[in-house]
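Engineer: Modelling step: build the complete structure from the supplied sequences, incorporating the hints.
2 protein chains.
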Amino acid sequence: MLPYKTLIQIDRSASTPLYVQIISEVIRNITVGIIAGGQKLPGTRKLSILLEVHRKTVITAYDELEAQGWIDIKPNQGCFVNDTLPLVYPQAPPRESHHKIAQFEVPSYADVLVHPPQTAQPKARLTIDDGSPDVRIAPRRTLAKHLNFVLNSGIGTSLMTYNQAYRGDLLLRKEVLRYLKESRGLSLSLENILITRGSLMAFYLVFKTLLKPGDSVIVGYPGFNEGQNTIRMAGGSLIRVPVDEDGMNVDSVEQICKRKKVRAVFIISHHHYPTTVSLSASRRMQLLALAKKYRFAIIEDDYDYDFHYSSSPLLPMASIDHSGSVVYVGSLSKIIAPSLRLGFLTGPENLVNELALLSQYIDSFGNTALERAIALLFQEGDVSRHIRKAVRTYKQRRDLFCQLFHDRLSEAVELAPPEGGMALWVTFKENYPVNEIIAQARDRGLRIPPPSSFSDQESPMNALRLGFASLDEEEILKAFEVLEDSVRGSRR
Amino acid sequence: MLPYKTLIQIDRSASTPLYVQIISEVIRNITVGIIAGGQKLPGTRKLSILLEVHRKTVITAYDELEAQGWIDIKPNQGCFVNDTLPLVYPQAPPRESHHKIAQFEVPSYADVLVHPPQTAQPKARLTIDDGSPDVRIAPRRTLAKHLNFVLNSGIGTSLMTYNQAYRGDLLLRKEVLRYLKESRGLSLSLENILITRGSLMAFYLVFKTLLKPGDSVIVGYPGFNEGQNTIRMAGGSLIRVPVDEDGMNVDSVEQICKRKKVRAVFIISHHHYPTTVSLSASRRMQLLALAKKYRFAIIEDDYDYDFHYSSSPLLPMASIDHSGSVVYVGSLSKIIAPSLRLGFLTGPENLVNELALLSQYIDSFGNTALERAIALLFQEGDVSRHIRKAVRTYKQRRDLFCQLFHDRLSEAVELAPPEGGMALWVTFKENYPVNEIIAQARDRGLRIPPPSSFSDQESPMNALRLGFASLDEEEILKAFEVLEDSVRGSRR
Numbered sequence: 000m001l002p003y004k005t006l007i008q009i010d011r012s013a014s015t016p017l018y019v020q021i022i023s024e025v026i027r028n029i030t031v032g033i034i035a036g037g038q039k040l041p042g043t044r045k046l047s048i049l050l051e052v053h054r055k056t057v058i059t060a061y062d063e064l065e066a067q068g069w070i071d072i073k074p075n076q077g078c079f080v081n082d083t084l085p086l087v088y089p090q091a092p093p094r095e096s097h098h099k100i101a102q103f104e105v106p107s108y109a110d111v112l113v114h115p116p117q118t119a120q121p122k123a124r125l126t127i128d129d130g131s132p133d134v135r136i137a138p139r140r141t142l143a144k145h146l147n148f149v150l151n152s153g154i155g156t157s158l159m160t161y162n163q164a165y166r167g168d169l170l171l172r173k174e175v176l177r178y179l180k181e182s183r184g185l186s187l188s189l190e191n192i193l194i195t196r197g198s199l200m201a202f203y204l205v206f207k208t209l210l211k212p213g214d215s216v217i218v219g220y221p222g223f224n225e226g227q228n229t230i231r232m233a234g235g236s237l238i239r240v241p242v243d244e245d246g247m248n249v250d251s252v253e254q255i256c257k258r259k260k261v262r263a264v265f266i267i268s269h270h271h272y273p274t275t276v277s278l279s280a281s282r283r284m285q286l287l288a289l290a291k292k293y294r295f296a297i298i299e300d301d302y303d304y305d306f307h308y309s310s311s312p313l314l315p316m317a318s319i320d321h322s323g324s325v326v327y328v329g330s331l332s333k334i335i336a337p338s339l340r341l342g343f344l345t346g347p348e349n350l351v352n353e354l355a356l357l358s359q360y361i362d363s364f365g366n367t368a369l370e371r372a373i374a375l376l377f378q379e380g381d382v383s384r385h386i387r388k389a390v391r392t393y394k395q396r397r398d399l400f401c402q403l404f405h406d407r408l409s410e411a412v413e414l415a416p417p418e419g420g421m422a423l424w425v426t427f428k429e430n431y432p433v434n435e436i437i438a439q440a441r442d443r444g445l446r447i448p449p450p451s452s453f454s455d456q457e458s459p460m461n462a463l464r465l466g467f468a469s470l471d472e473e474e475i476l477k478a479f480e481v482l483e484d485s486v487r488g489s490r491r
Numbered sequence: 000m001l002p003y004k005t006l007i008q009i010d011r012s013a014s015t016p017l018y019v020q021i022i023s024e025v026i027r028n029i030t031v032g033i034i035a036g037g038q039k040l041p042g043t044r045k046l047s048i049l050l051e052v053h054r055k056t057v058i059t060a061y062d063e064l065e066a067q068g069w070i071d072i073k074p075n076q077g078c079f080v081n082d083t084l085p086l087v088y089p090q091a092p093p094r095e096s097h098h099k100i101a102q103f104e105v106p107s108y109a110d111v112l113v114h115p116p117q118t119a120q121p122k123a124r125l126t127i128d129d130g131s132p133d134v135r136i137a138p139r140r141t142l143a144k145h146l147n148f149v150l151n152s153g154i155g156t157s158l159m160t161y162n163q164a165y166r167g168d169l170l171l172r173k174e175v176l177r178y179l180k181e182s183r184g185l186s187l188s189l190e191n192i193l194i195t196r197g198s199l200m201a202f203y204l205v206f207k208t209l210l211k212p213g214d215s216v217i218v219g220y221p222g223f224n225e226g227q228n229t230i231r232m233a234g235g236s237l238i239r240v241p242v243d244e245d246g247m248n249v250d251s252v253e254q255i256c257k258r259k260k261v262r263a264v265f266i267i268s269h270h271h272y273p274t275t276v277s278l279s280a281s282r283r284m285q286l287l288a289l290a291k292k293y294r295f296a297i298i299e300d301d302y303d304y305d306f307h308y309s310s311s312p313l314l315p316m317a318s319i320d321h322s323g324s325v326v327y328v329g330s331l332s333k334i335i336a337p338s339l340r341l342g343f344l345t346g347p348e349n350l351v352n353e354l355a356l357l358s359q360y361i362d363s364f365g366n367t368a369l370e371r372a373i374a375l376l377f378q379e380g381d382v383s384r385h386i387r388k389a390v391r392t393y394k395q396r397r398d399l400f401c402q403l404f405h406d407r408l409s410e411a412v413e414l415a416p417p418e419g420g421m422a423l424w425v426t427f428k429e430n431y432p433v434n435e436i437i438a439q440a441r442d443r444g445l446r447i448p449p450p451s452s453f454s455d456q457e458s459p460m461n462a463l464r465l466g467f468a469s470l471d472e473e474e475i476l477k478a479f480e481v482l483e484d485s486v487r488g489s490r491r
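Residue numbers (numbering that gives the first Met the number 0), protein chains in the order written: chain A, 0 to 491; chain B, 0 to 491.
One or more hints might be untrue.
Straight-line distance between alpha carbons at most 35 Å, and here's what the computed DSBU-like set of lysine-lysine pairs gives [unchecked claim]:
1) A/LYS144 to B/LYS259
2) B/LYS260 to B/LYS291
3) A/LYS122 to B/LYS173
4) B/LYS173 to A/LYS73
5) B/LYS260 to A/LYS291
6) A/LYS394 to B/LYS45
7) B/LYS173 to A/LYS99
8) B/LYS291 to A/LYS4
9) B/LYS73 to A/LYS180
10) A/LYS180 to B/LYS4
11) B/LYS4 to A/LYS292
12) A/LYS173 to B/LYS207
13) A/LYS180 to B/LYS45
14) A/LYS477 to A/LYS388
None of these hints come from the bench; they were simulated from the model.
Structural biologist: Dropping the structure here:
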């Protein structure tokens, strides 16, 4: 309810009768748009209590307001402000507080960002994404059970109020550390880890802290535009280095370091976005040596380490970093579900301390109750169980998708089955332009992620990154049917 | 499990026997700290499958490793790396990936921030906070029910994966807009609102977007240090203006504007932190007029509008802003629970568009499933019901706390019962120094929030901000008992 007691100001010492004061106050509020047309006014009894006047005073005021055409009194329903009032006071301000343009200066990010997000896309019957997990097989019921337990138990009280878990719930940090040790040989202490709202926030915290405006960061091309935009938002300047079948070309990194100061290298060590290649073991060693020599930071994005099908993963650079050069970033988006918005970063203590301060003033702490529920999911083995199951499922889906390309579209594409991850990297021959494929697919009700998420106008690539993990076999078959028609139809 | 298949590299073309290669690879991994002391190795059968060698080869290798003292084979338990190995290779890197200091340069926020957070405080038997809600009376069961529904229903799938709800779940935005209209006469469109991770993130987004390094922002003194630190983190420079019993002194704001460019005024319009005063109606009009004249932004923090006991709230400045000067920030921390990390901001469309971009690259989107569950809580009236109940409860607690001060400590304090909010502002007479009171209380097992959250070294205040909402009557009586002893004990 609106604060009528404040809106309707009555002066008991004035000579104007109270009911007239009420009338003029109501009219004033209607004309300036505070009380909107169609709005229900408080009942006469309620308003009389609020204003501390006799109920008859309010009834008289309402009757007069109705007579003047300001309100409608509907029997058994109440008093409503007339919805068809003429604009009595032409100088009255607009009824909406809705402003399109601020009166103060608003700087724009448009020049800073590459590929700002498209406006919401129309719904499609079928969608191939760029590599999302299948949240339908995520342990949702178990998570709901743990959440229910946390929210309704005694623990819930301390977890739900303001707390000092600026670095993340203690139990979750411990469980993630244990998991990193067991799966990656990464042996860290509590001072080395920070829980973040997704890996994107981890990137932002690092770049915002390390970079002065114009500082250089080396990135791969083609690369992950969304992640690279966090560097731009933090004021950094990007230097691109080619990515080949062994990952980022580290010799090029060295050439650049000889010429100029490099503050950081932003690298995806497994399943590079978009091309799905992994950085080779020897390049990992080489990059670590360069980091030590030229004193740059390695921001290692290892977003789907846990999903390997044909080979065993390599150890993260963080696990063999003996100089304190690596900030390691991971995410629970692929492991459980993107909407949890949970990621983590690890790094040297003195860096993590500063990142924790920035994080504290960006959003204080996370949803501690949710973090505790996820910690329980780790502790009870649900996470490992889910990963094992998901790896089996995704491997089948990868194999099916690759087989379909091999059997039915081999004349149009080049495709190396990825060793891990959740997406295929499909290069189309020149006479099958991807923009035409995307347009035709859209007309047939299939949405395909556009190349703008990794390539740009200057050096466009005739390739697509197609996720296979979030579709079941039936959906893959259906989607491929449409894709096949669109590819054939696009031929020049 | 560690990726043994990658860790143990075998060269089938080499002349070295396979079991010797396995031995030297295991030793290498142990000495560089990848395989830690005490760690369980995979069983011989499993390792033979991983490495694609005969099982007998692995058995021979393990036997030799045991003979050399590297591992222990425990019957029926498995093979474990010896935990008491001498450092065979003195040049071997440390076993931990735990680094204290980065090899690259790490800038420090210490000079930027005022009152960086204390280290975790010791547990206390009793705690008086600085104005938190009582999450024990929050609709936790209903929230858990809605969450359970969302997570397990068909909706859950689309809400749990990557989505484009960069500005917040659509239903939640609609529900908050409806709530703002009904409670505050604030009539906005979907383009004017952004859901944030708490109000702190709303402040950070605004200041990071509006401020160039060194730009001036006017704030009240004494004020909300935590919120003001978001201005510092975003590179802004603070100008302090005194706060009296009618809120911020707006004449002082005008004097400053005449002298220099002011980019924004950061103001708490109801229940100023820490002094609990509200900005008077005439000052609200005056500040809006100044904003229009000098083209600065008003960042209106209205964090507990919904909690009034003795009077009706004033309308937010946002509701009567006809020039597009106000960014209005609110939070669900007080309305439901702080750990939800949900807040919102409203403002002119062109500003909100830019803030949404920054938010997208700081943390992508929020926990959409949770946001949907909260939207249902609004939609089904649970939020309004809870607020009504909480207001009744908190009013009783406020009255009790004030009565106790009046009856038992009136010689030591000055205290005006706050009209709303969740905290009292208690000024102590000079001969009762608050630091001594806090120390004595701590010794008696009661934690009291220190003045460092609002005052500073240069102009310390002999006052405390004491939350009354999160304690029930029994707890208030207990806490007051200790407080009373500590106040008396501190007398000089």
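Engineer: In ascending order, which of the hints set out earlier in this document are inconsistent with the structure?
Structural biologist: Per hint list: 1, 5 violated.
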